[in-house]
Amino acid sequence: MNENISCARKIKDSILKSLVWFSAAIICLLLAGMICFILVKGLGHISWKFLSSKTSLLNGTVGILPNLLNTLYIIIITLLIVLPLGVGSAVYLNEYAKNKKAVRLIELATETLAGIPSIIYGLVGMLIFVQFCSLGTSLVAGAFTLVIMTLPTIIRTTQESLKTVPDSYREGSLGLGAGKSYMIRTAVLPSAIDGIVTGCILSVGRIVGESAALLFTAGMANEILNPAQAVSKGGAGSTLTVSMYMYAKERGDFDTAFAIAAILLILTLLLNISAKSAAKLLKRGDNK
Amino acid sequence: MKSETIPAVHIQQKPLRRNFSAEIFEKIMRVLFSVCGFIAVGFVVVITIFLIISGVPAIKEIGLTEFLFGTKWLPTADTPKYGIMPFVLSSVYGTFGAILIGVPLGILCAVFLTKISGKRIGGAVSGAVNLMAGIPSVVYGLVGMIVIVPTVRENFGLPDGANLFSAILVLAVMILPSVISVSETALNAVPKEFEEASLALGATKTETIFKVTIPAAKSGILAAVVLGVGRAIGEAMAVMMVSGNVANMPKIFGSVRFLTTAVASEMSYSSGLQRQALFSIALVLFIFIMVINLVLNLVIKREKK
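Protein chains in written order, with the numbering used here: chain A, 1232 to 1519; chain B, 712 to 1016.
These are calculated hints, taken from the structure and not from any lab test.
One or more of the hints may lead you astray.
If you only want the chain B side, here are some residues facing chain A, beta carbon under 8 Å, derived [claimed, not checked]: (1) Phe736; (2) Phe780; (3) Lys783; (4) Thr787; (5) Leu819; (6) Ile998.
To give an idea of the interface, some chain A residues facing chain B are shown, with a C-beta separation under 7 Å as derived from the structure [said to hold, decoys possible]: (7) Leu1296; (8) Leu1314; (9) Tyr1327; (10) Ile1351; (11) Val1355; (12) Ser1442; (13) Ala1488.
Fair warning: this is a prediction, and the values are worked out from it, not measured in the lab.
We put the beta carbon where it would ideally sit given N, CA and C, even for glycine.
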């Protein structure tokens, strides 16, 4: 059949086809090159001391333990708040809401939140939590800001998962005499656990990668905080990304910046893999 | 199963009546879930109110036309000038450039993923795209700073490589994942019959893709473009690291400052009217984003029809 096609068409065809292959290849090469570059430049500077101490100008040593801890604190505080809110919101949308307009309004708001750039979150977080609620520049203020930011992710993944829970589960539960909230707690939510966990992992990914929203809310300090200090008013500190920005842009210490970038890259990779496998492992019916 | 075999014992004689406390509990839960449901709306309202309250005073003091169309940003001069035209134009040009490079690349990659690649190669590429979406923006900024900026400087013989062009390159890469994933969905949604009809009429596979599938998916692809615009215009940290960060009117090889980076770079030390003007810049950016969201919604709605 191909012999019947004119030469011009054949050439055009192969040009377009090679363009498609070329663009896919260029994207992969770009990513592979970037990953190799960061790992080669960064891994050499990662040592146990680098991970387990804090930066000391006096001794001239560099360590990122405070930043690791701060990242962890912010993840925990944010998830503790955003999980009930997001899951509750998804449950409302899927199980309670009957008014179509209300659902549309909430979905519109969620989409809007998802589209707002992080620098605006940073600014608004500073206005609301740091100044208006007078929390000061602190991890808590940063975490509150991230709660607003990650809310759409949790709502969306939970809602999608809730939609796939078969109605027979609900009917069965209600038929056995369970109240609505009991049904949601024992029959609906456990079946939607895959979406909730995926949402959590995606949110952790966003929190780990976030910098602009934390710059003015969580501060730039590099001191080790214990958990009690972390949740107190003045407990300010920079996460990995913020500290990386500071090392690269303000201090010009690119070795440390690349080391942190390598750590961030590895974290991103791990989170990506775990999000995928969590969705697979926890999906209903796979363990039959 | 025959209905006679169900034992009658289980059928309650009395009408179902839950006890009082259980009913109250249900009501409380209902209210709690409703509150959670509307919290997203609340957040949007609060964000809007705070941005308007803190953004409007400076605009009033400076004057709307001077603020929006003034070409000089000199907040610390003796006679301070607060014109944000350089930022607006830089943001617009930067976004436009990023779209110009990123969108064709992204659409072609989406074509590759949905129509051409086999399962294994396609899986690998889409894994790579997912990973790309997760990489923090500061990491893109760092690589841009170390790789792109010096390359641009040497290849074009410039004194400094941190300029609009570098920012465009970094942004083009950063919008790829969203452009690819949305176009992928759009391409997958095109009915198989369209392609089959085209193939049956003698078009080659590639011709079918470019003359039938892509035109049929155009509103979905438009959504991808709009999403890319939103991503590019809102990016702050990566741009800050590669754009040079000087408040010039945009030139392709000149150091520029975007709306986002204008807010980020001066916020830590500014005060008084300058600080308020930064809030106004954020308000302008917010309006940009809201308009983009609105367009996106319209596009998606049209696609659903």
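Now for the hints, and whether the structure bears them out:
1. Phe736: 7 Å, holds
2. Phe780: 23 Å, violated
3. Lys783: 23 Å, violated
4. Thr787: Interface hint status for B:Thr787: violated (20 Å vs cutoff 8 Å).
5. Leu819: For B:Leu819, the interface hint holds, since the closest Cβ of chain A sits about 4 Å away, which is under 8 Å.
6. Ile998: 11 Å, violated
7. Leu1296: 19 Å, violated
8. Leu1314: With a minimum Cβ separation of about 11 Å from chain B (threshold 7 Å), the hint on A:Leu1314 is violated.
9. Tyr1327: With Cβ-Cβ at 5 Å, under 7 Å, it holds.
10. Ile1351: Where the cut-off is 7 Å and the nearest Cβ of chain B is about 6 Å from A:Ile1351, the hint holds.
11. Val1355: 5 Å, holds
12. Ser1442: Hint holds; A:Ser1442 Cβ to chain B Cβ min 5 Å, cut 7 Å.
13. Ala1488: 6 Å, holds
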